[in-house]
Every structure is written in structure tokens, then in C-alpha cells.
Amino acid sequence: MSDSSPNDGALDRAERDPGSVATTALGDGAVQIDFDEAYYPKDAIYGAAYVFIDRCYVHLDRAGDRRVRVTLRSKTGAPLDTQALAGELQNELLCQAWRLSIAAENRQLIESIAARALGGAAGPPGLDELLAMDIDEASAFEDPLGIAMSWEEKYKKKGGATDDAAPEKSPADEPASDAEKGS
Amino acid sequence: MIQIRFHEELYDALSIDEAVKTYEPYAKLTAHREAGGTIVHVEALEGGADEPLIAAELGNFALGRAVERSRAQTPTAKEGT
Amino acid sequence: MSTSLITLGSKPSAPPDLVPIRFRDVGGDVLLTGPWGDWIFVSQAELATLARGKLDPSSDLFARLADKNFIRSKVDVDKVATAMREKKRFLDYGPILHMMIVTLRCNETCVYCHASRADMDAVHTDMTPEIAERSVDLALQSTSPSVTIEFQGGEPLVAFPIVKHIVNYALQRNRAYGKDLGFTMVSNLALMDDEKMKFLVGNKVQICTSIDGPEPLHNKQRVLVGGSAYFESARWIERINKAYIDLGLDPTLYHVEALLTTTRDTLKRPREIVDTLLSLGCRAIFLRPVDPFGFAEKTRSKIEYDRAEYREFYRTAVDYILDLNKRGEQVLERYAAIFLTKILRGEDPNFMDIRSPGGSGIGALAYNYDGKIFTSDEGRMMYETGDDSFVIGDARTATYRGLMKHETIRALVLASIREVQPDCVSCAYVPYCGVQAEHNHRTQGTIFGRMRESTLCMVHKGIQDYLFEKLRENDPSTVEILRRWTTVRERTHFVHASAAS
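Sequence lines, in order, name chains B, X and F. Taken in order, the first sequence gives residues 1 to 183; the numbers are from our numbering. Taken in order, the second sequence gives residues 1001 to 1081; the numbers are from our numbering. Taken in order, the third sequence gives residues 2001 to 2501; the numbers are from our numbering.
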């Protein structure tokens, strides 16, 4: 991973590769940054924009097919602040995009750790809490997790490949991933 | 008067509506739909806060609500982001 | 990161029998860390071989890797699973540390103060008995078998009646809960007297104070109107330590510890700082960098510094501490001890700010004088300066499980699982590290943070770089000292054991 600021030569990069990021300084102390959704999913753009709404005025718009335009204006109005914030936004966007990818690949791990941590901290419900639960005849037999379902019923093929035909793998079954770069 | 364009793929109608309702006491606001999104017109009230400020704050509010709504609808995996 | 570690060919691949690794350039060799915290040094040439997918099962490298759980087919899965389960056992129970901010009033003014202090006449910032009792009730309902109540402020001695009330109430209520209960107090000691000392020592309240260095520096940073803050701390450290000796307690284990907060002035004098703390009987020196909460933010321009300077300070100070150890002094550096416990023992000392997931909420809670409950003391400090993001309840109305199920705690857990965060996911130090989410929020506006821009990440990487350099050098006397720093000697005297035990 490069240690250089993602804002370095942004305009030059946009000219060479219009598909990535283009940054334009506007005259009124605002900056406009266009992102390609192929590189930065909308969720990541949302996440990055949200991080800044306490410090900046942020506006999103479409700038062509699969391109999102983020207009950023510092609440102080100073142009220098705006440029720095634009750089920070791009860094945050990179983090958000990468985090989406990591989370998707490690969903099981995240859920396992979070469940253990929160379950361990909260402990089992007490009698008062159980009595306060609204369980009637209709809801008593709801099975949202499919616990009562047999394996065959849960994973039976539906005339071809299913979305979740394979049983859950244990960590030991996971294929070795490539050696990751150190930092 | 200032016009703010909210693209329909980026701002849901409910979030825009909420933003308009929230800032109604501070400016004269009108909204209309057109192809691809909603346009909100911001006109300052006599002796009130200035239009650019109201417009900017309204925009932030709408974006915030749109993001929150989008996250509330996405699957659990995305809560890790 | 060094991208020059490997000259990549057209298609790099790892040997199929190698577990997932992360790597880092340390002192010219390459540190490999495995998923469970095992580590090994290899040469750059050996790393290049591995990156080509080559690993001769008859080679010395293979044998060395197998010995450290890096060879998949040689891993004792049950043993590793047991070790991991033990290492993460803190996940099985709730908050062990319960910080009670008994008042905001303080008799000193400190340049870096993050307690958002109040003047001595602000009695409305004292905790009421009702809020104190409700806070204790909630603390004792933690699923943790051990509970530590830590008195903070302001200056907790200002509200000594409430401190006494909490101690007495907690001891009485604990008869029903059966926790291993402990008390600690963080105090500047300037308001200590014989009566207070008798109560605190008699009720086994562990006392911790702040010493910023030699007297002139300490008094410059911690102003006590009409007196010398250093003199007051020093004399009561001596008196309390003597009281422990009179009780027949081992002074190397039972003594007042002092915390240090490094500022720009501190960085110039690492050896003097260490000597001062040693002269006061301290055996664990915690070289903490300044943090961005509360008052510290306002005086940032005067006391803040580049973390690269802190790294140099840390290295010089710890080198000096190691030298002292070689000359027979028994003293450790706390940060080093925390990381080394994970690196050398594969255990987790459960330090809230350096664990994954972090301890905010699930490991510690802060109960403010006004009843508000926070995920951490840092969250409480931000509240006092206008940010209520980390309020999770009120002691008067909250339930324990309601607090633990709060969405903010859930968010902090998710944000602090370092193994799945950008940058950390590929960092060699991820098995040992942790970053507080509240710090990320304060400095970067997001609880997840951007580690490349994080001063806390820079500090933690810097410390671990230093420690692994020492381990790579493998000087026997140094390594022996570092191992000794991981030895935990339980301070059982301070534990009010449950009635059932």
C-alpha cells in the first residue's frame, strides 16, 4: 500500500484514468470529488460522507453513469480547510471500501466474536426479563434461525445449485490464503 | 433563492421530506419532483438565517437521514463497516 | 511498510502448508506472525523463498516454522484452540472495571487534564449517595466474577464521604453477589490525612497517583495553589508505603504506583523521569503519551508533540530501565509488560485499551457524578466537553443487561475487532494490539478510525517495533528481563474475597 496521500496528483490521474477519482476545487471554498462506483461502492461513499457531516457541508449527486459527485464545503469556509478535508475524505473512503470487503469475507468471524463478547457481557436474561417477554401461542413456535429444521430440509437442492447448498465449513477447512503484505 | 437537487438514487424521498419539515420554521421551503430527483427551493425569511446556511444544513440533515436509513435496511454483514 | 521485502514475480503464492501469515521488517530481518500470535524471525531471502511457494519439508526453515505453529499440517488444532479460548476468556464475562467519578472538584490544575475539572466550590458536581448506591448495584451485577471499583474525579479525596459510603455499601452488598471485589483510587494525594489514610489502607483500597517527573517539572504541569504538588504526593507515597510495610506486606509488591503523562517537556528528560519514579518506590512505570480528551485539547499547542519524538523518548527511557534492571533494580515499563505478556506468554493481561475487541463497555464502565453511565472514562471526558456519543444510560434508571445490550456498546465491539479492520487486517502486530474506539472518534470522527493517521496506532507500532528489535537481538540478559516483566504477582491483599470462597 502506498504511503503517499491519495490527493497527490488527483487531477493528473483523472486525466489519465477518468475512471478513478477526479477532484475539482470550486471557487467558493468548496471542493468537488467524483468517484467511480466500480472502485468505491455507494455504501462506502455514504459511510465516508457521513463521517464528515459534523465538520463539513456534504452534498452528493450523480456525475454520469456509476459516478458519484461529492461536494464538500468546510463549515469554516476557508479554502485550505476544504482541500485538507477533501484529502481526508478520500482516505476515509478508501478505508470504508476496504472495510466493506474485509467484513464480507470475515462475516462469520465478526459475528462469532461479537456474539461471544456481547453474550458474555450481558449474561442470561433474568426472571423479570423473561416474564416481560411477549411470547404468545403465535410467536412461541416461530423459528427464524431454522433451528428445528433438519439438515436435509435446510440444504436440499432446488432443481440445481442453491445459494447455500454447502454446509458451514470449520476454520480448519478454509483454504490457505496468500501471504499478506506486512505494513 | 437557492435550489438544492437531491438525486433519487442517493437521497430517499422520506429523508428529504424529513429535512424539509425540520427546517420549515427557519425558511420558506418548497419541494417538487422532477426526472431523477427532488428539487428543494430555499428562500430566507425576513430577519431570519441566511439562505446558504439553511440550504447547507438541510442538505446535511437529508444526507444523514438517507445514510442512516440505508444502513438500517442493509444486511447484518454491513454493520461491520 | 517496506515494499522492498519481496521482489514479486508474476504470480506470488504461499506454500500450501503455510498458515496465513503477516510480516514486517524488523531490524533487517522479517518478523512473521501467525493467526494465533506465534512469531518467528526469518531472513529476507527466506521470505522470498516462501513468497515463491517454496518450502522444503526437510529444511531447517520448515523445522523452525513447524515448531512455532506456522506449518498447517503440524498444528495441534486442539491445543491452539484451547490456547485461543483462554487468551480471549475476557469475552466470556462483562465489565471488571467500574470507574466512579465521585466529583469533578479538584484542588490542582494540570496542563493536560482530561477530567474536565471543576473548582472547589462546585459541590453540585459531587456524586449523591443515591447515585453512588445505584452505581454500585449495577457494578456488582456484572457477569465478571471479579469487580474493581476505581475512584476517580476531579480529585476523589475532595468527596471522601462518598468514597467511604461506596466502599462500605459495596462490601455490604457484595455479601449477596459474591464477587472478588477490589477498590482502587487515582489521587493527587494533596488532601490526604491520617484519618483518610487509615480508612483507605484499612479497607484495602489500592492507591495510585501521578508523578510527572522531578519536582520542578511536576509542579509546572500540576499546579497546587499554595503548595507543592510534588511534595504532597511524595510525602504521602512514603507514608502509605510505610503503612503497607507495617502490615507485613512485601514492599516490592505493595506500594503506591505513580502514573506519568508525557508532555513536550517530559520528552526531553527520560532518565530523570525514571530516576524520580524509582526514588519514590515505584516499580511499574507507565510511559503514557498525552491524549486528546478534555483540557488537553485546549492546551494542545503547548504540550502536544510529534509521536516520532515520543518513540525516541520511549526507546531511551526503556533502554535505561533495562540497564537499571541489569544493575539489580526491579522495575518494569507497563506498556512493554502488557505487550510482552501477549508476545511471550500468549496470554492477554486484559488491559482495556489494548485488546481486541476493546474493553469499552464490555470490559469497563464509567459512572459519572450526575448518574450518567459511559462506555469508558474517555467517553465521559468527551461528554464533559459537549459530546454525548458514549452515554449509555443513567444509574437511576438503567438495568445491567440494558446497558450491555446498548447499541453503542455493540458498535464499539464491532469497531474494535482489530483483525477485520483496514490496515490492522494485514499488520503483523494485530495478534497483540488494540486501539480504543473512543480515541478514533475524538481524533478522526469515526469509531473505526484510519490507522495510518492514528497517533495511537503509531505509538503501539513504535513500542512493538522496539520490543521485537530486542527479541531479535536476543541478548540473553535482556530477554530474561523482558520475560520477568510478564510475571504476574497477584496482589491478593487488595481483594475482598467473596463470602462464598
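The set of hints was computed from the structure by calculation and includes no laboratory data. Every residue gets a Cβ at the ideal spot worked out from N, C-alpha and C, and that includes glycine. Do not rely on the hints blindly, as some may be mistaken.
To be verified - No more than 16 Å apart at the CA atoms, straight line, and that leaves these computed lysine to aspartate or glutamate pairs for EDC-like: (1) 42(B) with 1051(X); (2) 75(B) with 1057(X); (3) 75(B) with 1009(X); (4) 42(B) with 1050(X); (5) 2198(F) with 2238(F); (6) 42(B) with 1057(X); (7) 2164(F) with 2119(F); (8) 1028(X) with 1068(X); (9) 42(B) with 1012(X); (10) 75(B) with 28(B); (11) 2470(F) with 2323(F); (12) 2164(F) with 2195(F); (13) 1028(X) with 1050(X); (14) 2405(F) with 54(B); (15) 75(B) with 1012(X); (16) 2470(F) with 2029(F); (17) 2461(F) with 2193(F); (18) 75(B) with 54(B); (19) 2204(F) with 2180(F).
What the hints assert, rightly or not - Label pairs and their calculated CB-CB ranges: (20) 2308(F) with 37(B): 36 to 42 Å; (21) 37(B) with 1041(X): 27 to 33 Å; (22) 135(B) with 2453(F): 47 to 53 Å; (23) 143(B) with 2045(F): 36 to 42 Å; (24) 38(B) with 2173(F): 55 to 61 Å; (25) 105(B) with 2453(F): 19 to 25 Å; (26) 2067(F) with 76(B): 54 to 60 Å; (27) 2145(F) with 125(B): 16 to 22 Å; (28) 2253(F) with 39(B): 52 to 58 Å.
(message) Of all the hints numbered above, which does this structure not satisfy? Sort the numbers upward.
(response) Violated hints: 1, 3, 4, 6, 7, 8, 14, 15, 17 and 23; rest satisfied.
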